[in-house]
Amino acid sequence: MIVENTPHRPGKRVHVVQGEHAISADPDVMMTTILGSCVAVCMRDPVTGIGGMNHFLLPEGKADGLDEGRRYGAYAMELLINELLRSGARRERLEAKLFGGARMFGGLSDVGASNAAFAEKFLKDEGIKVVGSSLGGMGARRVQFWPVTGRAQQRIVTDTHEVATLKEVPRKPAPPAEDEGSLELF
Amino acid sequence: MPAASAIKTLIVDDQQTMRSLIRTSLHAIGITNTREAPDGEEALKAMIASPTNLVITDFNMPKLDGLGLLRAVRAHGPLSKTAVIMLTGRADKELVQRAVQFGVNNYLVKPFTTQTLKEKIEAVFGVLT
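Read top to bottom, the protein sequences are chains A and B. Letter by letter, the first sequence follows residues 1 to 186 of full-length UniProt numbering. Letter by letter, the second sequence follows residues 1 to 129 of full-length UniProt numbering.
This is chain A alone, in the form it adopts within the complex (with noise of 0.2 Å):
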C-alpha cells in the first residue's frame, strides 16, 4: 500500500498493489490499483463508510492435489474482511465491487477467468453481496474507488507503457510462512 499526498489534487491516494490491501474511513482517501489478470475486491459497510481494497493474484495448478489457489485467496479475503470488521464494519452489511480478471496472456490457461470465478464463489459462499463488476475481458483496467461513498471508476488501460509496468505473473505464493519469523513453541 503506498499511501500518497499530492498538492494538485486535494485526498489522499492509496495505491495498492498485488497481494496487499488496504482500508480507510476517510472521506478524503481514494484507493486506485491497476489489474490485468488479477482482480480486486472492493469491499464497504455502508452504514458505516468503512471500506476497502485487495489486489490479488491466484496461483496456478492443484499442489498436493488440493486447490491451493482457493486457499489462498480465501485468506487474502479474510485479510480484507477481518479488518473491516475489526474497525466497526459489520459482516452483514457488507457489499462489494469487483475488477479485473483479464485474459493478459497466451497460452490454454486463463489465469484471470479463474481468479473472477474465484472471487464471485466466495462472495457467493460467504453471503456478502455484489453490487457492481467488470471482469474479464483482454484489457488492463486503472480503478479508483472511495471506500466512504462506495463509487468506482475504471477505465481500461491502453498506455503499452503503463501497461508493461503491471507486474502480474501468476505463480504460487511464497510458501506458507510457517517458521518465518514465527514462534518456536511447539
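There may be inaccurate statements among the hints.
Derived pair list, reagent style EDC-like, types lysine to aspartate or glutamate, alpha-carbon separation capped at 20 Å [stated by the list, open to error]: (1) B/Lys93 <-> A/Asp28; (2) B/Lys8 <-> B/Glu122; (3) B/Lys63 <-> A/Glu126; (4) A/Lys129 <-> A/Asp110; (5) B/Lys63 <-> A/Glu92; (6) B/Lys63 <-> A/Glu83.
What follows is a list of derived Cβ distance ranges for each label pair [as the list claims (entries may be wrong)]: (7) A/Ala117 <-> B/Gly30: 37 to 45 Å; (8) B/Lys45 <-> A/Arg155: 48 to 56 Å; (9) B/Arg98 <-> A/Lys124: 33 to 41 Å; (10) A/Thr48 <-> B/Lys93: 40 to 48 Å.
To be clear, the hints were calculated from the coordinates, so they are not data collected in a lab. Note that CB positions come from ideal geometry on N, CA and C, so glycine has one too.
We have chain A already, so just place chain B on it with the hints.
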C-alpha cells in the same frame, strides 16, 4: 499411533470457504469425522452436545473469538482436555503467545498446506494412521 478416522474434530471459522478448505484438507489426511461451527459460542454448544477430540479454530470470529473459545474450553471441566489448534495470520505473534498462556496445543499460520496441517496435528496426537 491414533487412527485419523477416530479423531472427532470440530472446525470453527466464521468463513464458510475457510471451513470448507480445512474440511477438505482433514479428509485428505484421513480425518473424516468432522463437524463445523461459525463462531466460538456455537462451537462450545457443539462440544457440550457431542464428544470432541480436536478443535481447529480461527481467531477472528464474532460473538466468541478463538481465544475466548480456548479459555472457555480450558475452564470447562469435561472439555478441558480437548486438543485445540489455533489458526493465525502471520503478524499474530502476540496472539500466539497469549494462546500459549491459555493452553493452546499448537498453532497454524494461514495460508497453510495440507502437509503442514497434518504435521501440526501429529505434533499433538502422534503419527496418524
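Quiz item: Which of the stated hints cannot be reconciled with the structure, identified by number in ascending sequence?
Solution: 1, 4, 7, 10
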